[in-house]
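> Residue-level listing of the chains:
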Amino acid sequence: MFREAGKPASYRVIFGEDVAGIVLGGLAAGMVLFVVSVGLSVTMGLMGFVNLAHGGFAMIGGYIIVLSMNRLGVPFVPALILGFTLTAALSIVLERLFYSRLYRAAELDQVLFSIGLAFIMIASVTIVIGPETQPMILPSWLRGQIDLGFTSYRTYSIFLIVFGALVALGLWLGFERTRIGAQIRAAVDNRKMVELLGINIDRLFTFTFAFGSGMAALGGGFGAEFLGLDPQYTLKYLVYFLIVVAVGGLGRITGVFYAALIIGILDFLLKKYLPQGGTIFIYVLTILILLIRPQGLFGRGG
Amino acid sequence: MMSASDTQMPSAVRDFAHRHRLRWWEPIPWLLAITFFYAFPRHLGIGNEILVMILFALSLDLVLGYAGIVTLGHAAFFGIGAYTVGMLAHHGIWTEPLSGLVIAAVIASIFGLISGFILLRTTGLTLLMLTLCMMLLLEEAANLAQAWTGGYDGLDTVPIDPIFGRFEFNPLIPSTQYIYILCILFVGFLVVRTIVYSPFGESLTGIRENTLRMHAVGAPVRKRLILCYAISGAIAGVAGALWAQANAYVNMSTFSLDRAATVLIILVLGGYGRLYGAFIGAVAYMALSHYLAKIYPTAWQLGLGLMLVFIAMFARNGILGLVDNIAAKFRKKPAS
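Chain order of the listed sequences is H and S. Counting with numbering that gives the first Met the number 0, you get residues 0 to 301 for the letters of the first sequence. Counting with numbering that gives the first Met the number 0, you get residues 0 to 335 for the letters of the second sequence.
It is worth saying that the hints were derived from the structure and are not from the lab. The beta-carbon is built from N, C-alpha and C at its ideal position, and this holds for glycine as well. Hints are not guaranteed to be accurate.
[As the list claims (entries may be wrong)] With beta-carbon atoms standing in for the labels, derived distance ranges:
id, chain 1, residue 1, chain 2, residue 2, range
1, S, A146, H, T132, 32 to 40 Å
2, S, R315, H, K191, 18 to 26 Å
3, S, R18, H, K191, 36 to 44 Å
4, S, P28, H, K191, 53 to 61 Å
Based on the provided sequences and hints, a complete structural model is requested.
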């Protein structure tokens, strides 16, 4: 990745073999962003809940995955399943106890509650486990480089891209082709109508929330290797998750997917060639997109 | 129309007509602030921080509590005020404090007018994201324009002239700063109080309660919101400018999400849409965070989180709301 480390960043050519590196690296980051944000998008679109504690579920899930691997010696894939399940279970408890009571509350109360919950998550993890960054030790089959024919690249990044694409496809199929997916889509568009049709919307909400939190947990585990995993993760990347959701449009799987990839590649590109303040372009782009299309790039209505 | 005589008015109308009258307890916060000055001369530093945050929270109350605009980026104005004063003084262009405040207020309100004109067409999550991104954009800009803003390190020297050419700012004993900030806070409070009880303020409350109906009665909703946003921005800019003058430095923390969240928490903790919530919230939050957060940062964060969850679930009007509820239980009949 840093073959030309001797040269200052500005002298590197964008065109040439670096293009593949940027696209692949950005895609990998974008996939992680997608896996974390997709739950937030559906939660916000379906329940209309501004959930600023979503990053906390990613953080907790990441901790479960990384700690069970490092301390208990659980292999990678079972650790992912464990992280998904436990985080989803925790989120069901929180959803039934707290979130469900605030669905009809004012936006401000939701913001306050979820900031408070994020603080509690950060403090609890700091007390129980400690403030230091948890190292992610990849299994041997994901280490090193893989030869793709036109270029060789980090195996783990390629794994993330493939896995992310499969998740996106699976979610899309689940959303478009299954009964519960149809119910969720219908509830995003017109919640009252869905209730009138006799669909148990409480159960639908709990299921969606738990699934979204479980996805966030997977994203937390996947990203731990290059985003770093410490308690502050909860709020550190929140702005990115929110940008992806707002740009993609609420409750739109395909929207979140494209937005995550765009932001991922753009961020990767800017970090590499404009390490000083490159993020300013992401903020400008977000503001412009939201001003032109307040419902997001792929959102419906206007 | 009601007759002019007070005695013939129904009580609701009379309450409405007299809503701006001074209540018996209203001088208490100011007396306490003056008492603090004489009682705790060694703690005036934290006193200054509290006074600045009260003014900042008051400006947010105007936007959030009265007009009902939920923003996550109010620190944008605070930072603009702080950097305006800081850059002018640091580069030796303008070091007079009072006119510095005016310049900061003007620049912050211009930014409020422009950004309000652009942003206030949206609502909900979109507005939340736009205000947030606007603030982060300014933070990045302050980071990038190193020659002017000192970049990541900020400006560590902000020379300020003596007030009226006589009263020096002493960084070690910040008593002049305290009196100065208290006076400005008082003026700022009078401005906010007057606005809130004016017909303009009433129309803001109307927009918060039912935007559609305000459109229907023919109120220029968007104009009012933009104006309110700009006025609030000017006051927040003054708060930021005071912060820069009192501390004699400026850094990127003035623009941070942390500060925007803090002021929101302060306002909600005290109770929003009720003027004095800013006072109660700032004192409670700043005192606790100053004396607790340094010793037990994690416990402080846990406590703060629990408190926010409690407020959101059970006490939506903050400390003052709780006081109101308790008071209402003691007096069974509404006071006439």
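> Work down the list of hints and note, for each, if the structure agrees.
A quick look at each hint next to the structure:
no.	hint	verdict
1	S:A146 <-> H:T132: 32 to 40 Å	holds, 34 Å
2	S:R315 <-> H:K191: 18 to 26 Å	holds, 25 Å
3	S:R18 <-> H:K191: 36 to 44 Å	holds, 38 Å
4	S:P28 <-> H:K191: 53 to 61 Å	violated, 46 Å
Figure legend: structure checked against the earlier numbered hints; the only hint not met is number 4.
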